[in-house]
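**Student:** Each chain is listed here by its residues.
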Amino acid sequence: MKRFAWTLVCFSAVLTAGSTLTRAAGDVSGASTPAELVASYNSLADTILAGNRTEHNLVKAILSATYRHGEMALKAAKSSIKSGQGAKGDIEKLAAFVSQLGNEGDASVAGIRTRLLEGGHHHNAKGEQQGLFDEGYVIVTRAAKKALLDSAMRIGKLAMAPDAKALDTEWAAVTRQYNEIMK
Amino acid sequence: MTTGSGGHGGGLLSAVLALGALLTLSARCAGGAPAPPSMSPHPAPAPGAESGLRFVDVAEKTGITRVALSGRPEKDHVLDSSGTGVAWLDYDRDGHLDAYIVNAWKLSDGAVVEKGRNALYRNRGDGTFEDVTDRAGVAGEGRWGCGIAVADYDNDGWPDILLTNFGANVLYRNRGDGTFENVAAAAGIESPGWNTGAAFFDADGDGDLDLYIAAYIDCTMEEVLAAQRNLSWKGVDNVAFGPFGLKGAPDHFFLSDGKGHFTDATEQSGLTDLALGYGFSVRAADFDNDGDLDLYVANDSNANYLYRNEGQGRFTETGLWSGAAFDAHGAAQAGMGVTVGDYNGDALLDIFVTNFAEDFSTLYKGDGHGFFEDVSEATGVGPATFTSLSWGTVFADLDDDGDQDLVVANGHIYPQVDRHPEFGLTYAQRNLLLENSGDGRFVDATARAGAGFAPAALSRGLAAGDFDDDGDLDLLISHLDAPPSLLRNDSARGGWLTVDLDVPAGRGPLVGTLVTVKAGGRTLIRDVSSNDSYLSVNDPRPSFGLGAARVVDLVDVRWPDGSHASLKDVAIDRFVKIRKER
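Sequences listed follow chains A and B, in order.
Just so you know, we're using our numbering here: the first sequence kicks off at 1 and counts up by one.
Just so you know, we're using our numbering here: the second sequence kicks off at 1 and counts up by one.
Check before you lean on any hint, since a few could be wrong.
Claimed, not checked - With a Cα cut of at most 27 Å, we get these calculated DSSO-like pairs of lysine-lysine: (1) B:K247 - A:K60; (2) A:K126 - B:K234; (3) A:K126 - B:K247; (4) B:K247 - B:K259.
Note that these hints are calculated values from the structure, not bench results.
Please build the complete structure, drawing on both the sequences and the hints.
**Tutor:** So, in structure tokens, the structure goes:
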């Protein structure tokens, strides 16, 4: 749907440009870019910049939802530990959510990121050049990614020897990292 | 249990039978000479000592000469550069290791110039091979070949050949009379596309082999033919078209019905390629030691996948939180080839993944519970592999000193790099031999590994196998636009034992068998797979270097159905045959 809207904007811009150029052909005093085209481009710029903001907000929403799911998985894991039930599944789920915080989503999101990169879109082009962000990442810095992936692995290992206190400690570290990137 | 021919005084022999598995042992020594267990004929190289590694290319002399066609000389499309696999197999079960070479096409000016023919070379047993491709009917059906996997998919006791193609896959069923028939369409696994690595393995524990096939990018031959080099390389030259800017193609998982037909069960098995990663190599192995086979997929430019087998044919992707998806810095790399072995002798499986140039290939140390740690830097493999663009790779104890070395096949994908020597890269590159020091580190032994490792080449596929049955592993390597190399291993070496596993018709798969050898205070493991390395297949007979050990204390075989067969006090320097009786 978004792609369709984008195509419509571009198509309208081209149509406008065509008619403007036809009208301006005999106007010797018109040495400037046709105003209609500038207006169209401005409008397009608004759309592009809004797209970037939307992308930022969307990824934030992904991270926020993932964090909430992590909270629930932590609660379920602790409950399972307390009741003496097998907590392996809940702990591994928590590990998966934490790894998705580090990876800005699961493999499906990674697929979208790849598509955007294929199209030449780098949300944090400057940050990538500076080595602060992995290619295509919007919010999670390279350092935060590494820290979150490490946490995810430590949590995953706790599935073999469930320990509520250790889970709390790891989750606190995850939360600190999460709060930092969501500022 | 019966003791077969050989009678080389193999010492006390015993067998532990579990779950009804029986065992047949026969032994033969290299050259037929018996070796009493009380003395070693080897000069007892100390673990980690610099050994006399020597390899010589005997491909032409032995008759392996098929040129692997590889698209256009300028490698306009990434398909032109991706190369082909090689395999060791004993297709006629005569006890000698035969060789198979996959071939692609030659292109020029937007057209197909020549469709390459694959080649099957029968080992005559005298150190030479004869081309039996036509007689066997395995030329590849004129398709652009990529990879190969070998396994007895129909459980009739004969090894079958799966060829992954750019196009429809080919499944050559071994008729058992020296000929094959392509049954891919009837089996339901043609799956047209750019198919790459493939692994047969019993995913659901029902005793038959299922199949995972990775795919690279979504493109057509018309697009390949029309490709213009458009990727700016370091801002100084335009190089190949793709993979960047191209859509990944989904991998597929096929569940066998045990009657020769497969059904696409990718989604219901939890194996959906959600990221549409550029899949290259696949390897099934029991990474968490729970008795079933998990799956590792090396993706180019994307996170690698580790699918943990939950039993009953269900998988969970654990790569992101198990340490196996990224490098130590949390970065996705350009996975090409994968080999699985045990580099540090802890009897736990490790993974080695080859990557692009100017990035290191990655050694993941396994903890036996499905978690991994990137130890590339600490072990020395990182610095040693940083410059080269790496493809095929094998863990192999090349000097039989008791630890597994690493071989890495190299070659860049952009011929244009040679125009820019200022970057310190070359198109053709030397293959690497990383010798295991026995202390958890590898040293680059390429320069002292003999003439076989001297030339720079455009290597891709790589497979290890003891084609001359002398107890050391030789190396078969494919190159772009050139005949393969067969690097005969002439190294000084320690003692050895090779286990020849025999699974007759109807007794379940061989793939997934784990062999453990205890000797000289060490515990060594090897698993049997249908494929390894980059699109290639190793010798199916697990090979063990024993160093100075004079006797093998224990050989334990864990068959895929969980039953065991064991031997005690086995003499060294020989093949032992172990048959699965039920």
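**Student:** Given the proposed pairing of K247 (chain B) with K259 (chain B), does the C-alpha separation stay at or below 27 Å?
**Tutor:** 35 Å, violated
**Student:** Against the 27 Å threshold, does the CA-CA distance of K126 (chain A) and K247 (chain B) hold or violate the hint?
**Tutor:** Distance of about 25 Å is within 27 Å: holds.
**Student:** Given the proposed pairing of K126 (chain A) with K234 (chain B), does the C-alpha separation stay at or below 27 Å?
**Tutor:** 17 Å, holds
**Student:** Tell me if the straight-line CA distance from K247 (chain B) to K60 (chain A) falls inside 27 Å.
**Tutor:** Holds - the C-alpha atoms of K60 (chain A) and K247 (chain B) are around 26 Å apart, at most 27 Å.
Checked against the numbered hints given earlier, the structure breaks only hint 4 and satisfies all the rest.
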